[in-house]
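**Q** Take a look at the letters that make up each chain.
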Amino acid sequence: MLELKNITKVYDPGTVTETTLFKNFNLTVQDGQFVSVVGSNGSGKTSLLNIICGSLPVEGGSVSIGGRNITKVKEFRRHTRIGRVYQNPSMGTCPSLTILENLSLADNKGKPFGLTPAVNRKRVEKYRAQLADLKLGLEDKLHVKMGSLSGGQRQAVAMVMVTMSPLDFLILDEHTAALDPRTAEIIMQLTGRIIAEKKLTAIMVTHNLRYAIEYGERLLMMDRGGIVLDLAGEEKQKACVDDVLEVFNQISIECGN
Amino acid sequence: MDVFLDTCISTLTQGLIYALLSCGIYITYKILDFPDLTVDGSFPLGAAVTAVLLTRGVNPWLTLAVAMAVGAAAGLTTGLIHVRLKVRDLLAGIITMTALFSINLQIAGSNLNVERAMKTIFTSKLAMGLMGSSTLMLRKLVISAALVLVVKLLLDLYFRTKNGLLLRAVGDNDNVVTSLARDKGSVKILGLVIANALVALCGAVVCHEQRSFSATMGTGQMVFGLAAVIIGSTLFRRLGFVKGTTAAIVGSIVYKACIQLAITAGLPANLLKLITAALFLVILVAGSTKGRSKARA
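So the protein lines, in turn, are chains A and B. With our numbering applied, the first sequence covers 6 to 262. With our numbering applied, the second sequence covers -5 to 291.
Only chain A is shown next, with the shape it has when bound in the complex:
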């Protein structure tokens, strides 16, 4: 279970540009829940993810996973049990390493990085099968450098890499936003499948209202550092794009956009 309690986040404290994004922000996500988060730019979606991952410090409040307070835990240590896929497809992989080398790195997460050979030949078939699952023809490109793949292919590999090791949390940060509609659809289906198969707890930020409705058991809409809509269970299943869009437009009008 993820718990954010009384989170306060202030940008540029003590300067003229000081802005308070979160004030006493609370959020609880149950194990195994797949939460989609929507909201306009600047509503605090990405800040929320950064606070969970530890790449953004908070001015007050606490973050805990599974009852353990991790507010002071360093970013890289939190990643032991957190996986994150970024909006920018080049963020999740090493461009000058091959697909095989990238997968080998991910496969070794949580184990010591010692002086044994990086690529385990026995695992290659497993990698090949995982890539074949993506149906992007990547299984024949194991020795191709990551940098020469398209954004969608890179994002798919990033997705595989992140979900290779056991996770408490999967964080998807607008991970289809930089892709063309068809590729976005493929990646989104892949995401849904992996989350269901591995029974992952996931938080997905997206600008695509349809994805937010179609995927996940819970839908959050954020506005100016607060949650304005929280649908779960049956309510969520009944919701359609138009309903959500209406709320979305309302807050946008209030903001003067």
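By construction, these hints were calculated from the structure, which means they are not laboratory data. Because the structure is a prediction, the values reported are computed rather than measured. For glycine and all other residues, C-beta sits at the position ideal for the given N, C-alpha and C. Treat the hints with caution; some may be incorrect.
Quick list of the computed label-pair ranges, beta carbon to beta carbon [as the list claims (entries may be wrong)]:
hint: 1; chain 1: A; residue 1: GLY152; chain 2: B; residue 2: SER127; range: 41 to 47 Å
hint: 2; chain 1: B; residue 1: VAL276; chain 2: A; residue 2: GLY65; range: 55 to 61 Å
hint: 3; chain 1: B; residue 1: LEU148; chain 2: A; residue 2: PRO100; range: 39 to 45 Å
hint: 4; chain 1: A; residue 1: GLU251; chain 2: B; residue 2: ASP177; range: 35 to 41 Å
hint: 5; chain 1: A; residue 1: GLY238; chain 2: B; residue 2: LEU148; range: 55 to 61 Å
hint: 6; chain 1: B; residue 1: GLY123; chain 2: A; residue 2: VAL149; range: 45 to 51 Å
hint: 7; chain 1: B; residue 1: LEU120; chain 2: A; residue 2: LYS127; range: 38 to 44 Å
hint: 8; chain 1: B; residue 1: VAL276; chain 2: A; residue 2: GLY152; range: 26 to 32 Å
hint: 9; chain 1: B; residue 1: SER127; chain 2: A; residue 2: LYS127; range: 48 to 54 Å
hint: 10; chain 1: A; residue 1: SER60; chain 2: B; residue 2: LEU99; range: 24 to 30 Å
hint: 11; chain 1: B; residue 1: ASP177; chain 2: A; residue 2: LYS203; range: 23 to 29 Å
hint: 12; chain 1: B; residue 1: THR92; chain 2: A; residue 2: ASP36; range: 39 to 45 Å
hint: 13; chain 1: B; residue 1: ARG78; chain 2: A; residue 2: ASP185; range: 39 to 45 Å
hint: 14; chain 1: A; residue 1: GLY238; chain 2: B; residue 2: LEU74; range: 37 to 43 Å
Given the coordinates of chain A, assemble chain B onto it according to the supplied hints.
**A** Just chain B, lined up with the frame of chain A:
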């Protein structure tokens, strides 16, 4: 003809010895993407320590190990300044380099010569036993080549280990290292430690070869190393299978050959650094324009 051959051998030897340094720079510049100015201090540091140990009659091979250890310490210092104290990469290197200048003076003074009677790796028992019948010049060539080969093979092996792959990943996209729940700072520090150990090893071998240390011998070594690495990678750009370490070694030899050519052509020694800078500029511009046109293709 003999003079020509001698010049060729000595130039090749120089290129091979300095290849140890360019392999170090290959790690910081190419793999870590870290402009490491520590080099201008850790190179003479290796030489200073070696000069002092040699004059005291210490086993010449042992001096290489000691030089590597102090070089590693210099790299560690820069790494800690950069990662833990959050000083920018270039400035972290400059701070260590500046401090090392004084430290080197403390260790060995401004100049230190190693007497003829003292053994170096080129006149050690091992060297004499294996090839005592050949000339000193030839021994220098073979021993330098062997040293470089060992270093190159060890590095190539290392880059294929899990730890080595993590090092390559941190320079490529340090975000991935964080996602692997590893501290990217520690990995960078490790890279700087290995690189500066190699640079100091190079300083040590140069000291064995020249039988002297001078406090100013570090000036411009970073630029030399960069030039060697860039020459190497530009030469082999189209040949994907050539390893980065090989390219760095070839780059070093080509560079030393260019300098030797300039000297043979009658260029005054005082202009050498100017030529170095000009050559470096030409290589940089040539290398980057080629790279750009290829990236677009």
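**Q** All the hints need checking, so say for each whether the structure fits it.
**A** We went through each hint and held it up to the structure:
| no. | hint | verdict |
| --- | --- | --- |
| 1 | A:GLY152 / B:SER127: 41 to 47 Å | violated, 52 Å |
| 2 | B:VAL276 / A:GLY65: 55 to 61 Å | holds, 57 Å |
| 3 | B:LEU148 / A:PRO100: 39 to 45 Å | violated, 26 Å |
| 4 | A:GLU251 / B:ASP177: 35 to 41 Å | violated, 47 Å |
| 5 | A:GLY238 / B:LEU148: 55 to 61 Å | holds, 60 Å |
| 6 | B:GLY123 / A:VAL149: 45 to 51 Å | holds, 49 Å |
| 7 | B:LEU120 / A:LYS127: 38 to 44 Å | holds, 41 Å |
| 8 | B:VAL276 / A:GLY152: 26 to 32 Å | holds, 28 Å |
| 9 | B:SER127 / A:LYS127: 48 to 54 Å | holds, 50 Å |
| 10 | A:SER60 / B:LEU99: 24 to 30 Å | violated, 44 Å |
| 11 | B:ASP177 / A:LYS203: 23 to 29 Å | holds, 27 Å |
| 12 | B:THR92 / A:ASP36: 39 to 45 Å | violated, 54 Å |
| 13 | B:ARG78 / A:ASP185: 39 to 45 Å | holds, 43 Å |
| 14 | A:GLY238 / B:LEU74: 37 to 43 Å | violated, 52 Å |
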